[in-house]
Every structure is written in structure tokens, then in C-alpha cells.
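Colleague: Listed here are the chains, written in short residue letters.
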Amino acid sequence: MEGARLSDELRKLLGPSKVSFGVQDLASYSSDMFPRNQILKLGGKTPEVGPAAVCFPEDVEDVSALMAFCTRERVPAVPYGAGSGVCGSALPVEGCVMVDMKRMNRMISVDGDGGTATVEPGIVGENLELLLNRDGLTLGHFPSSINCSTLGGYVACRSAGQFSSRYGKIEDLTLGLEIVRPGGTVCRLGLLGGGHHKDPALALFLGSEGTLGIITKVCIRVEPLPEKMDFRGFAFLDIDDGLLAMKRIMQSGTRPTVLRLYDPLDSLVAGFHSRTASGEDVHAAASRLTGKKGLLASALTELNQTAMALALLRPSLLNRMAEILPTRALMVAGVQGDKTDVTRQWNEVFKLTSSARGDDLGPEPGYNWFRRRYAVSYKQSRIYAAGAFVDTMEVATTWENILPLYQAVLKAMSNHVFIMAHFSHAYAQGCSIYFTFAGYRPSAAASGALYHRAWKDGLEAVLRHGGTISHHHGVGVLKKWAMDRETPGGRILFGAFKKALDPHGVMNPGKVFNLD
Amino acid sequence: MSFLITGARIRKELGRRIAGHRLTVSDSGHFVQVEPDTVAEVAFVVDFAAREGVKVLPASGGLNGTALDGWHIRVALKRMSAISDYSADSGLVCAQAGARVQDLQDWLLDKGRTLAVLPDDPSDVELWEFLLSPRSGRIGPRFGCKWDQVFSLHAVLPNGKLFRNSLSPGRATGPDFSRIILMGRGAFGLPLEATVSVQPLPKRRVLLSLALSDLKSGVERAWQVAREAVPEFLEIGLLPRGAESGLPSCVAFVELWGEGRSLSVRRELVLKHFGDVASVFDVPYEKLLGMEDTWQFGPGDTVQFYARRESLDALAAAVASSELQGAARLRVRGFVDNHACVTVDSATAGTCGAFWTRPADFYTSPDGQELLADALGVLDPLAIMGSVPQIWSEPREA
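Going line by line, the protein sequences match chains A and B.
If you're matching positions, the first sequence starts at 2 in my numbering and goes up one per residue.
If you're matching positions, the second sequence starts at 49 in my numbering and goes up one per residue.
To be clear, the hints were calculated from the coordinates, so they are not data collected in a lab.
Careful: at least some of the hints might be erroneous.
[As the list claims (entries may be wrong)] Result set (BS3-like, lysine-lysine): computed pairs, CA atoms no more than 25 Å apart in a straight line:
id, chain 1, residue 1, chain 2, residue 2
1, A, K340, A, K229
2, B, K126, B, K60
3, A, K42, A, K457
4, A, K352, A, K229
5, B, K320, B, K251
6, A, K229, B, K320
7, A, K340, A, K352
8, B, K60, B, K159
9, A, K500, B, K209
10, A, K340, B, K320
11, A, K352, B, K60
12, A, K457, A, K412
[Said to hold, decoys possible] Far from chain A, some chain B residues (derived; all Cβ distances over 10 Å):
id, residue
13, R57
14, F92
15, W155
16, A365
[Stated by the list, open to error] Some, not all, of what chain A presents toward chain B, calculated at C-beta under 8 Å:
id, residue
17, W347
18, G363
19, G475
Given the structure is predicted, the values throughout are model-derived calculations rather than measurements.
Quick reminder that beta carbons are idealized off the backbone N, C-alpha and C, glycines included.
Could you build the full structure based on these sequences and the hints that come with them?
Modeller: Structural data, given as C-alpha cells:
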């Protein structure tokens, strides 16, 4: 639609205060936190595609009117929460309207006795949690992006919080949804629509990443705040033993609040290792390996920009640090409940960690992690400031497959990028592996190519070893090339729903599955 | 749908790929029954059906009189009954959909494992039937419903294409289509293989038989027991002829798995929450479960419903003030996620029906039903698999 007419129509439809065509707004909404676009910015470029307008609906009637308009006029619409997505789910498409949901951020009702709350989707996760806490309740969903992500985004991308071992993922916490279909029809599903919270239609929108409609209300499961939470650290001879302990704990019926096991390099970054296996200072060893004195300390612990760039030019050398570090792996564990329950759970955890040759390190490592649990995301901007890039790849598989998958991904990516991992979001059947990787090339174009190769080789390794390519970041545009192998036949079902619900293809086109 | 196609033509076309002895023509029933050996053969059959507009029904012992106009294909999965993978490490077993649930369970028992949710009569049910049926099976607060046990699914879609999801926990790769297939009762696809969670056999089981003062109090306390003690199984019911056998008229059965102190703590929690409305009685739990005349229903006389917590509470209150207590056979189980599954004898069903919802309609909201129907119209425009849900439209025993 031609710009001036779009501007007139949208202002007429929603009112001028709910629409922006400002250059700064259009630039701001031209990307979410997708690292590929951050790399573009390193080279002084802006994303090639920007939105035509940004809308800020304030209630379901606004959303319904907007969707009816977009469908009638064939204007693409892209829902937008807080823009923390890292897979490009909220990237604009040519001529689209960005639908920023953050003004729809009200708590509609709370029923502590029934264990439910109904909330608008634009509420930021941290604010939602604070509101619930006032009533002595919690959602139990604590992603590391909690202060820059929204409830609607969690639902759309099947998010997981750091305490998912205890509370489950967002799909376990979502009991009902109100959705505006692309034509503007409002539909209510699950508990909000007279159904059950296992309403299969809910499963359709959980993970749909805004491609099938816009979420306007979410009914969530809430629980009383735990009387007590407690954290500890455990050390294992190697990650094999640590994984054995995690598996045994999850299969024992214990529901720990958190279980996170760090591989040697991630343990190093977490401050767990200061010496190599032979007793040498790790920084001295790094200098010997890379030929640059003090490089490791500068690069990894102090995030010195030049040192980081230098180190990341030779990722295989940095990755070799893993070979000389002690194999001991750090695990952070947490439990919650009343005093008796906490004691009972710790006794179970002690028994099972001991059976896997784990040593109790006491509360300090656990509480260190707890205090800094949201800090890691903020280190990323310093890496970008150094001209390098950093990203994370969260995959999952079964217990029997976890080590082969971990090793295969390391092998596939370590020539491209500096890579480390931790194991978290544990289930009785398996767990997630959260790879963090950083790379650098002197030009943004070369960095972009490196980024692409690292992802391609990493996901190929995951697919070869039968894991899932995404545990809680979603698919977006980053991983959709791999979806036919991840879930053969999924594209046919998705295509049927897309055609039935959105025959003109206006809702967030080009995401999740490749329908072209 | 093509009304012109004949059984002979269907047999001839399917015979291009499938050996003759695995194809049977029923002239009276107007169907060709095919017994595929492989996933590829099923895909071939359904692909043919989709191209020709021939309806497909899985062959089930409980087809329940499902009547179709014109010639159709019945797919018997009984030759696809292998256990294809097992991981003790991850607590998973993968079986083909034609496996009898009892055979799968026996195989697991040999390995010291068990399915967490079983159908009422596992000997009579193949895995695909168990997964697609809206009937709950024996469920309890600890393990959730049968669909929660399914870790990964391989299915044939109505267009003959195959669907599979990765063997991983907690996927965030688009919508969970396996849930839609399973809860779609067969309209969105037919399961061919499923990987399901298995549990280790418990080191110890605590089995509690409790006499309840009345259904209303028992149900009220059961919700608390479910939340606090999270028993593996929890059932409450009325025994109309209990007095004749010297049994209480209202009973609760609780099963707890585990060992050591945590098991005894949970037992104490159960007794604490049932408190003064229950007393332990000494008829062995398993004997009671097996007593046909009191607890179990014979075939052909039951109706199963689901009830939300508030509906069940209202029903229990209504029973207390009516002649149903002492006359009706009624069994409530589950107490999972604020709902329970209720089985009653047919005579009582009419009286109690106002409180309950039929299994087939229970989960999906009206808007959700409309939305799924819209998508089915695109996925399966000729309704090739559109008749499959009819298999479960009435209770199988009826």
C-alpha cells in the first residue's frame, strides 16, 4: 500500500497516538536482537528491510480492527514484544506494519486459590513477576531476558525459564489464550474459551511465532511463592559424571528448582577454574598457547576489546584451553519449598550427586550464580563493541544422546568460533545444551560469513545426531532451513493451518517454515 | 469422494505394492482391508486413497458400527507391532502403532519398567487406538494424562505424507503438531510409531483402601491429596452392593510408589488430608480392584465422562442429597490438573449427565473446534480420514 494512504488509514483506524511513521521508530523496529543484524550494524549498515509503520494497539478491539485492515489491504503484520528474540522472529518484511504489543500490559485477573491469572501479552516478564509477587504468587518463569522480554513473546516462541526443571516451560504454564485471527475475528481457547488447558488448539499458537494470529490475552498457571529457595554448587570429576547426577536427580521424582552443569570452558568463565590440570595458572597457559601474554585474562575475564578480537581470530587455540583445563565440572543446583521439604530434597540431591562422585561445594557457587543470573546477556554488548559477535545455540536431546551431540557440535563449530556450553533445563528423559559462541573477523562482511558457517555446521551436527534445533529460542528465520529435517511433514500441517487461518499470508510471513 | 470406485479396483491398485495375502475384500462391508508391513506401505495406501477420494479407517476391534457410504479402505496395523527402540537411560520406548498395549507392557515389565498410563483393558487395545481414543485410561496425579507420556510421534497425514518430530524434550520448533494429531482422534493423521516415557517399577508400593463417610467429603479431600501427596493413582467411588459384601458404600483407593522416608511421608500426607472422613479398612486393595460385581463394570454398561473440579464437586453434592448414593456404581479417577474422569453405569448416566462433558468434546474449546475444522478442510478436503473420529463417538463397550 502506498505510504501516504497507509498513514491516513492507520491514523483513522487507531488514532494518531497509536501509530508512528517516525524515522527513528522505523529504524528501531527494523530488527530484534538477531545477531546477524547486529553484525550488519558492526559494518555501519542497517537492515535492508524496514517496516512501513509501527502501531501500538491498546486493547483487543484495536488489534482486531488492525488485523481486519491488514487482511483486507494485504498489508503484512509483524507482532513485536520487547524485541529480545535472537532468531529473527520479529524481523520486518517489506511494507509491513509492526504491531508493538507493549501497551497491552495489564493484569486482568488473579485467582490465587484456583492457581490462575489472566494477563495481557505485552507485559514485560519482570513486571509480571513483581505484580504476582505482591499477591504472594509466582509464574516461575525466569528467562535470562526477563527484563527485556514479554509474556506474549514467551508464548509465541515456547520459551523456557531458568527454573524450568521445577515449573516447566511456558507451554506447561499456559492454560488459555485469546487470539485475534488475521481477519480480525477474536477466538478464545483453553480455559479462556470454555475448554481444557490441554485444548489442542492452544498447541497451535504456542510456538507459532506470530504467524497465525496475534495473542491478546494469556491465562497462566500461578503458584504460591515458595517459603524458601536454596542453592548450592557441586563439583564432578568430569561432565559425564555431572550428567549422570543430573539424570538420576530428574528420574528420582525430585523437582529441583534449577540444575545447571558447566563444561570446562564455561566453568572457567564462571570463575570455577584458575589452574590447568597440570597446576599451571590458566592465564599463563593461555599465553603459552596463543603466544599473547595476558590474552585470556584480558579477553575472557575482563572483556578487553582488543584482546578479545585477537583471541577470537584464532578460536581453535582458545578452544584448546578446554583440553588443558581440569576436567572437573561445576554444577549449580537449587531446591525450594518449606523447611522440611528443602531438607528432604537436599538429602535426595546429596545422595544422588555422591553416587556420581560429586563433591558438595557449599552454598557459595549456587548463590553466586543466583545473584548474577540475568547478567550474562549484558556482557554481549561489550563483545559487539569489540567488533566481534556472540550468540547462543540452545538444543536438546535425550540422556543417552547428550554427550555425543555435545561433542559433535563442539567439533563442528570449534574451528570457526570460540565455544563453550552448559547443560540445563533438565527432564527425566534428557536436557538442553546451551552453547555460547563468539567469533571475530576484521570486516563485518567476513564476520557475517563466519557467523553463517558456524550456525550451519552447528545445526547440521545437531540434526545428524537427532537432537532438536531449538529448545527455547524458537525458529524465526535463522533455523527455518532446518525445519524440514527437524520435523518432516510439519510444513504440510503448518501450511494447512496457515492457509485456513491466514489465506492471504499477512501474518508475519517468512517465519518458522519455508512455505515458498 | 468417488462413489464409482470398486473393491476390485482398490485391491488391484494396492496390489501393485502390497502382497495379495495382505489384502482382503469384504463385499458385504464395502471395504478392502489392508495389512501393511511398513510405514512406506501405509503412506502408499493413504496416498492412493487421497488421490482417489477413498476414505480410510484404521481397522479396530471397536469400530463401533462406524458406517461409511461406498467403498473404503481399512488399514490393519497389527503387522506393525514391533518394539523398535528402547532406552533405559532416557526412560523411553519406541513401538510401532499396531503393538498391543498389553504386549508392550509385558515386554517392559520384563525389563523392570512400566507404562505410566494404561488403558482399562490393555489386552484389547493397540497402541494407536490407545493414543487416539478420548478415553483416559488409568490415570493419576503423578504422571498426568496419556498424551503427556508421548515423547515423539511418527504418523501418516491424510494426504499420505509422513510426519515425525525429533526425539528431544522441550522442543521450541513451531507448534506441537503431534499434540494436535493425538488429540484430533485420527482426523489429522494416524500414528504409526510412538516413543513414550516409561517408569521404573517402584521399589515399594503403598496401597491404601479407605472407607469414606460420603462421596462429597471424599471428593473435596481428594483434591488436596492430589496436590499435596501427588499419588501415582487415586480413585474414589460408590459401591452399590458394598453393604451386601460387608464393604463400605463409598471408598477411596490410593497407590503410592517409592521407597524410604519419602514414601512414608507421602502416606502420612494422604491420611492427614483425608483425615476424619476416611478410615483404613482391611480388604486388600488389589482384590477390591478386581471385584467385578462391586468396583469393575462389565462390558456394555458404562459411560465415561470428564468433569472439571467444580462440576465434580457439584455432582458429589447432588449425589449426597439423592438416592444415587447406595444405588449407583460410580468411579472417579485422575484428579489431574483440576479435572477427573468419571465412569458410571449407563442407568445412572442420564441422571448425572448434567454435570459432565463427553470425552470427545471435553478438551477443545468451541473456538478451537472451529479453528481445527477450518484447517482440516484444507489439509483433508475430501475428508479421507474425516471418519476416523467416529470410532470413538460412542463408548466402545456400548
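Colleague: Would you check whether the claim that F92 (chain B) is not at the interface survives, using Cβ distances to chain A and the 10 Å cut-off?
Modeller: 16 Å, holds
Colleague: Given the hinted pair K340 (chain A) and K352 (chain A), is their Cα-Cα distance within 25 Å?
Modeller: 18 Å, holds
Colleague: Check the non-interface label on R57 (chain B): least C-beta distance to chain A beyond 10 Å or not.
Modeller: 27 Å, holds
Colleague: Is the claim that A365 (chain B) lies outside the interface with chain A correct, judged by CB distances over 10 Å?
Modeller: Consistent with the label, A365 (chain B) stays out of reach of chain A, its closest Cβ about 18 Å off (over 10 Å).
Colleague: Straight-line Cα separation of K42 (chain A) and K457 (chain A) no greater than 25 Å?
Modeller: 21 Å, holds
Colleague: Is the Cα-Cα distance between K340 (chain A) and K229 (chain A) 25 Å or less?
Modeller: 7 Å, holds
Colleague: Any CB of chain B closer than 8 Å to the CB of G475 (chain A)?
Modeller: Hint holds; G475 (chain A) Cβ to chain B Cβ min 5 Å, cut 8 Å.
Colleague: Mind checking the alpha carbons of K126 (chain B) and K60 (chain B) for me, to see if they're no more than 25 Å apart?
Modeller: Answer holds: K126 (chain B) to K60 (chain B) is near 22 Å, not above 25 Å.
Colleague: Need the status of pair K340 (chain A), K320 (chain B): alpha-carbon distance at most 25 Å?
Modeller: 19 Å, holds
Colleague: Under the criterion that the straight-line Cα-Cα distance not exceed 25 Å, is the pair K320 (chain B), K251 (chain B) satisfied?
Modeller: 24 Å, holds
Colleague: CA of K352 (chain A) to CA of K60 (chain B), is that 25 Å or under?
Modeller: The given pair, whose Cα atoms are some 64 Å apart, is violated under the 25 Å limit.
Colleague: Have a go at the W347 (chain A) hint: is there a Cβ in chain B nearer than 8 Å to its own Cβ?
Modeller: Not OK, violated: W347 (chain A) not within 8 Å of chain B, min 13 Å.
Hints 8, 11, 17, 18, counting from the list given before, are not met by this structure.
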